[in-house]
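Novice: Protein chains in written order, with my numbering: chain A, 1 to 240; chain B, 241 to 362.
It is worth saying that the hints were derived from the structure and are not from the lab.
Please read these numbers as outputs of a predicted model, since none were measured by experiment.
Glycine included, each C-beta is placed from N, C-alpha and C at the ideal position.
Mixed in with the good hints, there may be bad ones.
Covered by chain A, according to a simulated footprint, are these stretches of chain B (three or more residues, beta-carbon under 8 Å) [to be verified]:
hint: 1; stretch: 272 to 281
hint: 2; stretch: 339 to 345
Pairwise CB distance ranges, derived in the manner of DEER restraints [as the list claims (entries may be wrong)]:
hint: 3; chain 1: A; residue 1: Arg129; chain 2: B; residue 2: Arg350; range: 30 to 36 Å
hint: 4; chain 1: B; residue 1: Leu270; chain 2: A; residue 2: Pro193; range: 54 to 60 Å
hint: 5; chain 1: B; residue 1: Arg353; chain 2: A; residue 2: Tyr213; range: 38 to 44 Å
hint: 6; chain 1: A; residue 1: Ala232; chain 2: B; residue 2: Leu351; range: 27 to 33 Å
hint: 7; chain 1: A; residue 1: Asn60; chain 2: B; residue 2: Leu351; range: 18 to 24 Å
hint: 8; chain 1: B; residue 1: Arg336; chain 2: A; residue 2: Leu141; range: 31 to 37 Å
hint: 9; chain 1: A; residue 1: Ser229; chain 2: B; residue 2: Ser297; range: 43 to 49 Å
hint: 10; chain 1: B; residue 1: Ala332; chain 2: A; residue 2: Pro58; range: 17 to 23 Å
hint: 11; chain 1: B; residue 1: Leu259; chain 2: A; residue 2: Ile216; range: 39 to 45 Å
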Amino acid sequence: MRCLAIIPAFNEGASVADVVHEIYEAQPDCDVVVVDDGSRDATAAAARSAGATVLQLPFNLGIGGAVQTGYKYAWTNGYDVAIQVDADGQHPPSEMGKVIAPILAGTADMSTGTRFRGVGDFKSSTGRRIGIEMFARLVSLIIREQVTDTTSGFRAVNRKGIALFSVDYPQDYPEVETQALAHKHGLRLVEVPVEMRQRQAGESSIRLWGSTYYVIKVTLALVIGMFRSSVAIPEEGDRG
Amino acid sequence: MTHALSTILASAASIILLLAVLELVRRRRLREKYALLWILTAIVLLILSLWRGLVDSIAIALGIAYGPLITIAVGALFVLVVLLHYSTVISALTDRSAVLAQQVAMLEERLRRLEDKQSDDH
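Generate coordinates for the entire structure from the input sequences, incorporating the hints supplied.
Specialist: Here is the structure:
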């Protein structure tokens, strides 16, 4: 089993090296790729000197485009498992094993580490909690399966998930839509309770001023996504 | 304004639009593909400006008291269609530039790996 940790990073020079080191420590068999999403700081250099492979985007694509670059890399280079880890230190690499476990066991195609199943003491603003709760219900309704945390980007997929995400990945605020997208393409989903930390550095990509836009855009994407036809998931041997 | 003057002004505007679009295509500053909608817009506006009877009969059929409103409405409609068309073009361009950026990033990494390997071999 070849495992790849995908770290999307935008101006995370202060924390990305620590995250890379921690991943090598926690999962020595895992390769690490940092997708530098057009950072203006030393993110790429920091990640490279920590030993990670670095994919440097020529300009900022946003979180969805950056993460998808990692999945394309995973697909082209024949990885069996890919796990997304945030560059800001929010996702403790020590918890990676828990998220990957269902993939390795073959019981799920996509496994999401979530904060709301009784582990850890994650604190969040009321507004944000309501938003997260609302999307969790909406996604649960769409995919007819209980989902508790649709905003977690701490997520592992198998080869089938890598194949899907390499050709279709939501662009702007991908976390919520990803679950609906994966479900639509017949991936088996599972949630795993994990602990998360407060972010070491950087800011959430979901800022207060943008939350209204976020809610409207994601709701629209979810509803339209229900009526969208499925994409053809690439097969082995297809051009990467 | 008399009928004749407004007809002349409206037709002149449509003809200028048509010529401007054709000139842009000639200088290769506008692709034929995107010029078609504009040319269609200019021709429809030209017909409506010249053929006063058509505008009046449409206005009567729709129960609109002020005839020239039809020309304005049709013009606005065409502009909306052109804008919507451009939004789809921009979306396609955005998608393509993202794919290109991703491939550049992956190729660069591959090149770096090859160069490292080559310098190790020497």
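Novice: Please go over all the hints and tell whether each is borne out by the structure.
Specialist: Now the hints, each set against the structure:
no. : hint                               : result
1   : 272 to 281                         : violated (count 0)
2   : 339 to 345                         : holds (count 4)
3   : Arg129(A) to Arg350(B): 30 to 36 Å : 43 Å, violated
4   : Leu270(B) to Pro193(A): 54 to 60 Å : 57 Å, holds
5   : Arg353(B) to Tyr213(A): 38 to 44 Å : 40 Å, holds
6   : Ala232(A) to Leu351(B): 27 to 33 Å : 30 Å, holds
7   : Asn60(A) to Leu351(B): 18 to 24 Å  : 22 Å, holds
8   : Arg336(B) to Leu141(A): 31 to 37 Å : 34 Å, holds
9   : Ser229(A) to Ser297(B): 43 to 49 Å : 44 Å, holds
10  : Ala332(B) to Pro58(A): 17 to 23 Å  : 19 Å, holds
11  : Leu259(B) to Ile216(A): 39 to 45 Å : 42 Å, holds
This entry does not satisfy hints 1, 3, going by the numbered hints stated previously.
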